[in-house]
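Let the hints inform the model, and build the full structure from the sequences given.
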Amino acid sequence: MLSVKQHNENVTFSPELLAKFGEVVSRYPEGKQKSGLLPILHLVQAEYGWVSADAMDKVAVYLNILPIEVYEVATFYTMFLLQPKGKYVLEICRTGPCCLVGAERIMGHLEQKLGVKEGEVTSDGLFSWRGVECLAACGFGPVLQIGPEYTFYEHLTEDKVDELIDNLKAKTE
Amino acid sequence: MARKLLLTHIDVPGINTFEVYRQKGGYVAVEKVVKTMSPEDVVEEVKKSGLRGRGGAGFPTGMKWSFLAKPEGVPRYLVCNADESEPGTFKDRYLMTHIPHALIEGMIISSFALGAHTSYIYVRGEMMPQIRILERAIAEAKEKGFLGKNILGSGYDLEIYVQPGGGAYICGEETALLESLEGKRGNPRIKPPFPAIAGLYNCPTVVNNVESIAATVPIINLGGDEYAKIGIERSTGTKLISASGNIVKPGVYEIELGLPVEEFIFSDEYCGGIANGKRLKAVVAGGSSVPILPANLILKTAAGNSRLMTYESLADGGFQTGTMLGSGGFIVFDEDQCVVRNTWNFARFYHHESCGQCSPCREGTGWMEKVLHKIESGHGSMSDIDLLWDVQRKIEGNTICPLGDAAAWPVAAAIRHFRDEFEWHILHPEESQTRNYGLAHYADPLQPIVS
Numbered sequence: 001m002l003s004v005k006q007h008n009e010n011v012t013f014s015p016e017l018l019a020k021f022g023e024v025v026s027r028y029p030e031g032k033q034k035s036g037l038l039p040i041l042h043l044v045q046a047e048y049g050w051v052s053a054d055a056m057d058k059v060a061v062y063l064n065i066l067p068i069e070v071y072e073v074a075t076f077y078t079m080f081l082l083q084p085k086g087k088y089v090l091e092i093c094r095t096g097p098c099c100l101v102g103a104e105r106i107m108g109h110l111e112q113k114l115g116v117k118e119g120e121v122t123s124d125g126l127f128s129w130r131g132v133e134c135l136a137a138c139g140f141g142p143v144l145q146i147g148p149e150y151t152f153y154e155h156l157t158e159d160k161v162d163e164l165i166d167n168l169k170a171k172t173e
Numbered sequence: 174m175a176r177k178l179l180l181t182h183i184d185v186p187g188i189n190t191f192e193v194y195r196q197k198g199g200y201v202a203v204e205k206v207v208k209t210m211s212p213e214d215v216v217e218e219v220k221k222s223g224l225r226g227r228g229g230a231g232f233p234t235g236m237k238w239s240f241l242a243k244p245e246g247v248p249r250y251l252v253c254n255a256d257e258s259e260p261g262t263f264k265d266r267y268l269m270t271h272i273p274h275a276l277i278e279g280m281i282i283s284s285f286a287l288g289a290h291t292s293y294i295y296v297r298g299e300m301m302p303q304i305r306i307l308e309r310a311i312a313e314a315k316e317k318g319f320l321g322k323n324i325l326g327s328g329y330d331l332e333i334y335v336q337p338g339g340g341a342y343i344c345g346e347e348t349a350l351l352e353s354l355e356g357k358r359g360n361p362r363i364k365p366p367f368p369a370i371a372g373l374y375n376c377p378t379v380v381n382n383v384e385s386i387a388a389t390v391p392i393i394n395l396g397g398d399e400y401a402k403i404g405i406e407r408s409t410g411t412k413l414i415s416a417s418g419n420i421v422k423p424g425v426y427e428i429e430l431g432l433p434v435e436e437f438i439f440s441d442e443y444c445g446g447i448a449n450g451k452r453l454k455a456v457v458a459g460g461s462s463v464p465i466l467p468a469n470l471i472l473k474t475a476a477g478n479s480r481l482m483t484y485e486s487l488a489d490g491g492f493q494t495g496t497m498l499g500s501g502g503f504i505v506f507d508e509d510q511c512v513v514r515n516t517w518n519f520a521r522f523y524h525h526e527s528c529g530q531c532s533p534c535r536e537g538t539g540w541m542e543k544v545l546h547k548i549e550s551g552h553g554s555m556s557d558i559d560l561l562w563d564v565q566r567k568i569e570g571n572t573i574c575p576l577g578d579a580a581a582w583p584v585a586a587a588i589r590h591f592r593d594e595f596e597w598h599i600l601h602p603e604e605s606q607t608r609n610y611g612l613a614h615y616a617d618p619l620q621p622i623v624s
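For the record, the sequence lines run as chains A and B. 173 is the number that our numbering gives the last residue of the first sequence; the numbers go up by one with no jumps. 624 is the number that our numbering gives the last residue of the second sequence; the numbers go up by one with no jumps.
In short, the hints are calculated from the structure, not lab data. Values in this document were obtained by computation on a predicted structure and should not be read as measured data. Check before you lean on any hint, since a few could be wrong.
Label pairs and their calculated CB-CB ranges [as the list claims (entries may be wrong)]:
# : chain 1 : residue 1 : chain 2 : residue 2 : range
1 : A       : T75       : B       : G318      : 30 to 36 Å
2 : A       : E118      : B       : G198      : 44 to 50 Å
3 : A       : P67       : B       : P365      : 30 to 36 Å
4 : A       : S26       : B       : P365      : 51 to 57 Å
Don't be surprised by glycine CBs; every beta carbon is placed ideally from N, CA and C.
Below, the structure is given as structure tokens:
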């Protein structure tokens, strides 16, 4: 459930971000600016790491639509994170074809390696992980992706997962 | 070596750039279209080609185009469905990643044919790298005069924009996609009216899959009649097949329609056989929503003929003994795989992805998931199999969009062809709870039970 006013961040969109919003809205006919909602929510999430209720309210003002129109979209699509997560959210495909080649084993390894359950955040704030539905890379499984770039990692093994996590840790030190 | 039309230059270094794509004959079809053909000519060539929608439904593309309403003063739209998320299917991602200009060229040809001046490529949001690749390709094409105002001096204007989705399988359904593109939840619309009459912004719209749109390029280059000579009977042309599961060489293959399934699975040119020396148990031939078939029925039709990679041959025998080409997502299971567990996995997927608009789908998919999990984990009873059968029957055909059918069919086919496995889980609770079922407790896959 969305707790609309649970997190107030006093969000202020930067001029650079607003310029990106403007480019998005220019793609649609006049009066159809609501079409820009999904791309703009992606931009907000890339900027802040998640989509807060305060940010959604401000997106509603920008697009001249009701806040509820933003909430119902943000809560419908699985990509939008409505709570703060780790800096790196590792999303691993848990659907049939990836499971045929070991995705469940990799999910178990991720839980063990990071020391947190699905959806939780590591104590250093760096990592979260979750199983997601088909990532359309079934021939290259098991796969995982990391936003906001959604970089893909294919043919995963336990060793590759360890290397990936260690590299991300090293990058942030 | 089989004939290729879409992946001909897949291994050429730099083929993702305009320059190399052009050197290899790219955008010649656009020149031909905008300089020498009328929109009606293009529609006619696509009709003659026999091209059928490559997203899953298999509806004739040229016929779909001809349904487009053309009222004066109202814009028309082409929307490319690149929301690929059917489990087992990854061909569109592959095409967009490696040969993005094939899609852009196809978008220009198709938009011209439909009289569209603004077109959108709706890409699933998880494919951010592919979105960037497409945006770069669009910029390159525009810089070279193949997009924008007055394309190649023809007087035809076209802008193409890429729209990211938000992670919802349902948006692969064309009306849900249009809702999403309008900035709403991806709830499918009741049809009619069809998008050809009232689509994006209530304007006439055609929604086509990535592969269908890219296929217009070889159709224009070859001519519709020549294209129709490739393939077999009503399954013309080539098809991208995404092969995954327990095979030696998973990947995306372009096949000429009509290839025997047995050759596709076992020849070195394609899948290379079953991995680790195992035996073939079953195949889901067209993405997770189509009926699973045991080894004997995927290799031979019910009449005993070789089953072919065509719309007709895969469907031979109807849902009792046949399946569908669907999206071309070809998932191969070896003898150690558990059909019950895989069916539960797919049921979880459809439950997760149901938009919740229709009660049979919203409630039924969750119910199927629960019952399947109960059976798979060794807590089921024999009556649960009948319950499961009953629930899937009550979903199929009772929802606004085909997601209900897509959720029901895998369950029905699994019970129909692998009922013994469901019974085994019920009769062996301890082994099921420890997942110690990688043993030869199932009926021989080459001699399955067909009830």
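Against the structure shown, which of the earlier numbered hints fail to hold, in ascending order?
As far as the earlier hints go, 1, 4 are violated by this structure, in ascending order.
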